[in-house]
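Those protein sequences? They're chains A and B, same order as listed. full-length UniProt numbering applies: residue 1 is where the first sequence begins, and numbers increase by one. full-length UniProt numbering applies: residue 1 is where the second sequence begins, and numbers increase by one.
Derived from the structure by calculation, the hints contain no laboratory data. One thing to keep in mind: the hints can contain errors.
Because identical chains cannot be distinguished in the list, a pair is counted as satisfied if it fits within a single copy or across any two copies.
[Said to hold, decoys possible] 25 Å max Cα-Cα, derived PhoX-like pairs, lysine-lysine:
no., residue 1, residue 2
1, Lys543, Lys46
2, Lys544, Lys473
3, Lys46, Lys554
4, Lys498, Lys473
5, Lys498, Lys543
6, Lys177, Lys18
2 protein chains.
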Amino acid sequence: MLKTTEILIGDYLFLRLKQLGIETVFGVPGDYELALLDLVEPLGLKWIGTPNELIGAYAADGYARINGAGALVTTFGPGELSALCGIGGSYCESVPIVHIVGYPKISLQKTDKILHHTLGDGRYDRYQKISSELSCATTVLDDYLTAASEIDRVLTAMMYHSKPGYIGISEDIAYAKIPSSSLNTPIPRTLSPPAPEVQAPALSAIINTLQSSKVPVLMIDGGAARSSWAQYVNPLINTLKIPFFVTGMGKGIADESSPYYQGCYAGDGSYPATVIDAVEAADCILWLGNFPADFNTGMFTQRLTNKTIIDLQRFSLSVNDTKYDNAPITFILPSLTKSLPPLPSLPSTPLSLSLPPLPSTSSPITHDLFFPLLSPFLRPTDIIITETGTVQVGITLTHLPPNSLAWTQQVYGSIGYAAAAAAGASVAALHPTSAHNRIVLITGEGSLQLSIQSLSLFRRVGVPVVVFILNNKGYTIERFFRGWEAGYNDVADWDYLKLFEGFAPATEGEKEERELLFKGYRVKTLGELEDFLGDGEKLLLGKKATCVEVIVGKEDAVEPLKRTFKSASEGGGK
Amino acid sequence: MLKTTEILIGDYLFLRLKQLGIETVFGVPGDYELALLDLVEPLGLKWIGTPNELIGAYAADGYARINGAGALVTTFGPGELSALCGIGGSYCESVPIVHIVGYPKISLQKTDKILHHTLGDGRYDRYQKISSELSCATTVLDDYLTAASEIDRVLTAMMYHSKPGYIGISEDIAYAKIPSSSLNTPIPRTLSPPAPEVQAPALSAIINTLQSSKVPVLMIDGGAARSSWAQYVNPLINTLKIPFFVTGMGKGIADESSPYYQGCYAGDGSYPATVIDAVEAADCILWLGNFPADFNTGMFTQRLTNKTIIDLQRFSLSVNDTKYDNAPITFILPSLTKSLPPLPSLPSTPLSLSLPPLPSTSSPITHDLFFPLLSPFLRPTDIIITETGTVQVGITLTHLPPNSLAWTQQVYGSIGYAAAAAAGASVAALHPTSAHNRIVLITGEGSLQLSIQSLSLFRRVGVPVVVFILNNKGYTIERFFRGWEAGYNDVADWDYLKLFEGFAPATEGEKEERELLFKGYRVKTLGELEDFLGDGEKLLLGKKATCVEVIVGKEDAVEPLKRTFKSASEGGGK
Numbered sequence: 001m002l003k004t005t006e007i008l009i010g011d012y013l014f015l016r017l018k019q020l021g022i023e024t025v026f027g028v029p030g031d032y033e034l035a036l037l038d039l040v041e042p043l044g045l046k047w048i049g050t051p052n053e054l055i056g057a058y059a060a061d062g063y064a065r066i067n068g069a070g071a072l073v074t075t076f077g078p079g080e081l082s083a084l085c086g087i088g089g090s091y092c093e094s095v096p097i098v099h100i101v102g103y104p105k106i107s108l109q110k111t112d113k114i115l116h117h118t119l120g121d122g123r124y125d126r127y128q129k130i131s132s133e134l135s136c137a138t139t140v141l142d143d144y145l146t147a148a149s150e151i152d153r154v155l156t157a158m159m160y161h162s163k164p165g166y167i168g169i170s171e172d173i174a175y176a177k178i179p180s181s182s183l184n185t186p187i188p189r190t191l192s193p194p195a196p197e198v199q200a201p202a203l204s205a206i207i208n209t210l211q212s213s214k215v216p217v218l219m220i221d222g223g224a225a226r227s228s229w230a231q232y233v234n235p236l237i238n239t240l241k242i243p244f245f246v247t248g249m250g251k252g253i254a255d256e257s258s259p260y261y262q263g264c265y266a267g268d269g270s271y272p273a274t275v276i277d278a279v280e281a282a283d284c285i286l287w288l289g290n291f292p293a294d295f296n297t298g299m300f301t302q303r304l305t306n307k308t309i310i311d312l313q314r315f316s317l318s319v320n321d322t323k324y325d326n327a328p329i330t331f332i333l334p335s336l337t338k339s340l341p342p343l344p345s346l347p348s349t350p351l352s353l354s355l356p357p358l359p360s361t362s363s364p365i366t367h368d369l370f371f372p373l374l375s376p377f378l379r380p381t382d383i384i385i386t387e388t389g390t391v392q393v394g395i396t397l398t399h400l401p402p403n404s405l406a407w408t409q410q411v412y413g414s415i416g417y418a419a420a421a422a423a424g425a426s427v428a429a430l431h432p433t434s435a436h437n438r439i440v441l442i443t444g445e446g447s448l449q450l451s452i453q454s455l456s457l458f459r460r461v462g463v464p465v466v467v468f469i470l471n472n473k474g475y476t477i478e479r480f481f482r483g484w485e486a487g488y489n490d491v492a493d494w495d496y497l498k499l500f501e502g503f504a505p506a507t508e509g510e511k512e513e514r515e516l517l518f519k520g521y522r523v524k525t526l527g528e529l530e531d532f533l534g535d536g537e538k539l540l541l542g543k544k545a546t547c548v549e550v551i552v553g554k555e556d557a558v559e560p561l562k563r564t565f566k567s568a569s570e571g572g573g574k
Numbered sequence: 001m002l003k004t005t006e007i008l009i010g011d012y013l014f015l016r017l018k019q020l021g022i023e024t025v026f027g028v029p030g031d032y033e034l035a036l037l038d039l040v041e042p043l044g045l046k047w048i049g050t051p052n053e054l055i056g057a058y059a060a061d062g063y064a065r066i067n068g069a070g071a072l073v074t075t076f077g078p079g080e081l082s083a084l085c086g087i088g089g090s091y092c093e094s095v096p097i098v099h100i101v102g103y104p105k106i107s108l109q110k111t112d113k114i115l116h117h118t119l120g121d122g123r124y125d126r127y128q129k130i131s132s133e134l135s136c137a138t139t140v141l142d143d144y145l146t147a148a149s150e151i152d153r154v155l156t157a158m159m160y161h162s163k164p165g166y167i168g169i170s171e172d173i174a175y176a177k178i179p180s181s182s183l184n185t186p187i188p189r190t191l192s193p194p195a196p197e198v199q200a201p202a203l204s205a206i207i208n209t210l211q212s213s214k215v216p217v218l219m220i221d222g223g224a225a226r227s228s229w230a231q232y233v234n235p236l237i238n239t240l241k242i243p244f245f246v247t248g249m250g251k252g253i254a255d256e257s258s259p260y261y262q263g264c265y266a267g268d269g270s271y272p273a274t275v276i277d278a279v280e281a282a283d284c285i286l287w288l289g290n291f292p293a294d295f296n297t298g299m300f301t302q303r304l305t306n307k308t309i310i311d312l313q314r315f316s317l318s319v320n321d322t323k324y325d326n327a328p329i330t331f332i333l334p335s336l337t338k339s340l341p342p343l344p345s346l347p348s349t350p351l352s353l354s355l356p357p358l359p360s361t362s363s364p365i366t367h368d369l370f371f372p373l374l375s376p377f378l379r380p381t382d383i384i385i386t387e388t389g390t391v392q393v394g395i396t397l398t399h400l401p402p403n404s405l406a407w408t409q410q411v412y413g414s415i416g417y418a419a420a421a422a423a424g425a426s427v428a429a430l431h432p433t434s435a436h437n438r439i440v441l442i443t444g445e446g447s448l449q450l451s452i453q454s455l456s457l458f459r460r461v462g463v464p465v466v467v468f469i470l471n472n473k474g475y476t477i478e479r480f481f482r483g484w485e486a487g488y489n490d491v492a493d494w495d496y497l498k499l500f501e502g503f504a505p506a507t508e509g510e511k512e513e514r515e516l517l518f519k520g521y522r523v524k525t526l527g528e529l530e531d532f533l534g535d536g537e538k539l540l541l542g543k544k545a546t547c548v549e550v551i552v553g554k555e556d557a558v559e560p561l562k563r564t565f566k567s568a569s570e571g572g573g574k
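Bound-form chain A, shown alone (with noise of 0.2 Å):
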């Protein structure tokens, strides 16, 4: 219990921060909020400067994503906007981070005079009915006397829906005083667990189902907040004991080394291919955080007509159309595998492992074969983070290994994501009660583009972080749209591995050990690719960041997604 006694109001914003877990902030600093930031460090929190507010709002995401929320200040105007995309990102894949915007004085706004990063019309509500729109909450604090119920506000709302939450301050406000006893009641950090009565009937439903059900496969997709219920998945899959399967945006939560895994099902995109007549074939889906997007629907060409669907979410769970309201997925999960009584036994042949037939080591790269052959590379505890395009189809081809998390932002799709939330994730991983130690990331060079400068966060912060960049020469998941040879799918030739040094220069005290610290390297043929890889460890060992230049040719792509593209233009699906 704290004791009540005044603190800043500030102070009180970033107390409330460390209750809700988050031990880091990330940012670019402005005049607006430094006096905030000032803050920051005296209460233990860690500040994390990132190249440009965009990055800062990816790597809060990515960090949010391991460790269950996260925090990202910018200044009013041109910073806040920078983040907006990222924002964006967050609420539409329900990740909660709140976004603290530095406003100017209270005493300066009341004036008519024409501050900077304003629109030079003397109004301060623009940016925040912007980020409304983004928002489960907003606030700009206006008023000590209610700003610790405005912070509350926000920061309750961001933990229920897991969206994000905006909170504007400015220095008079942030150093203002106010009793701290509102610190004693912790904002809930997660939904409240339903009364047993409650949940029961949803529970039955769902056992009912299972139990009547004569082919029934477990989906793992990734709505519904995946990183709330994620924890839950692995005790549930050895308990059902039934095949299950994945989505790409729900690949990286399950354990993929069980002999229940499948493969991923993207309707005619998944793979292997076997999984359209496996899962097609069953009458009943249990089914985690549905969230049939196009990329993740394999541009809607499911076909699952005619079958029970056990839809799990974050406040409900519906069987077919019969919904049960208070029924949360991080709830029914942990209950069902407590009082599931045993199903009959299903046959369940394991994913075979085995890598496609290798052509000679002089052969050019292609996504179809890099994808197999990272899986033994991968190791257990990885996070491996997938960029939008061609790599997030074709990462649904690795095998991934115990214990392992990934993810890609497979509905929201903002190119340039992957890398700066790698970095977050990065820092997230540092936490002692982590199991991660490294991050792999996997990026084509088109979306790399957009936020190259998050390569020099590896070198600053976090766990050792191994950057694969499969150069295509493009934009090559647009071509698969429209303009195949098309000038606007080009991108610029960059020197990638020159990119990578310049933005990771050794330090004075470094100087010696920039090899073992920093590397790049460039794979043109398989055989380059499997050295590189065989010899992953050796490498790879002590380095703080690595970055392996793949280059693919400019029209390929991993198989699954060829026949997702094909089938969708016959106007497959349903």
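Got chain A sorted already, so can you dock chain B onto it with the hints?
Below, chain B without anything else, positioned relative to chain A:
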């Protein structure tokens, strides 16, 4: 006169841009806009893909400041949101650019399918609502019958207000056909001239006020959409024959080789310091585009009581409290030049061009030395773009050559703007009617970090660019506000010359000429700087891009900047 035929709505839009003089469209491709992009080049417009959308927005702003208007194309959601900070800057500083956003097909929007780049909530109106806060007009085309009039409405508002407009357009709308007849009625590129009798009272008021004043001066500021009236300034100066001053925002419009040029007025942050008394001793100020924002007024340290201010704005003018509507600066200035009777001759001592006393060649480089030394390096017709921060005040110490053009984003002050705006300007300068054939970019390294990918554009597009990176190990301007030694004001060490090389690797055809085409330098002492600047013509001849890293002290800034902060902290100004 165009024949009335049917054309695609997408073609209609781009033909309207051409009519407005826009010849280059900047942006980043995304699948919702690819069909639209297919229309760009067949119409004779040029497409320039930028490394990210924010850089695209800044580039369109830089282009529009020279060309009169600009255009940016991004994709729905992540693409458009990433550009918003740039759009906000164009709004604040009155630069007309149209933000064209590729929307999902109307037919898809009407289904309940979840599309990528949405927020997953089935809503398609949120992003337009966001942009409406930063635009003078927005539309999302959803009906081919109203498409032409909607496009015209937005573009007309954009040119009238000289502010950004927003047009959302989907593939199915872009490829629907409409009559081309509206194209026969051009969209006004300028305001309508008021009738002479409407303008007469305003003109008389100015002339009478000037004639009855004893010590009138002319102040060239940067408001009222400065690009629209800049061309009328030098003729007015030559007719008025009274001392003139510039503000930070107005610097770069007027010919500083004029004997009437007296320096930069920014209250206690004026340069040279004698300007303060000179302006404050005047009894009348003819003020072009007054924009009294904080940085533009030396943090409100101007002392201008008991003066007659003739305030010329975009739509009206006022003489102290008397306002004259329908008197736009763009028409008043040439009319005034034409109708002005001779004023009493006033003494004006031309501003001395002498350099400060130089310490030994082994001395460190300071802002106070760099900016005066830059003057003789600059060529007539250069375009000089200066970033926000210490360099923004620094440039007031540089004497600009005749027929040059210069600006800085003085009010909105988004760090990262200048490098990308320079890329846009370099494209506009290619125009056959352009007098400009070189861009000089001056940025701090902290600001450059936000948009450093902009360097990659310099090798590919536009006229040659010389980049001065003043490396002072962090956000020095922020240190002046707060946190002199604070870690949050530091930025990561990068190897800028290596990065410059990495962003501009030689293509096959260029390998042998690489040295000639792109080159980086690093100067640490005054002697090295003088050598570089002295050898300028020889070093830079024929180069596409040159990058000069100038090492300056962490706490260094020009004297007027120090004076401003000292004075503001003492409560100076009125």
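Q.
Output the indices of the hints that this structure fails to meet, ascending.
A. none
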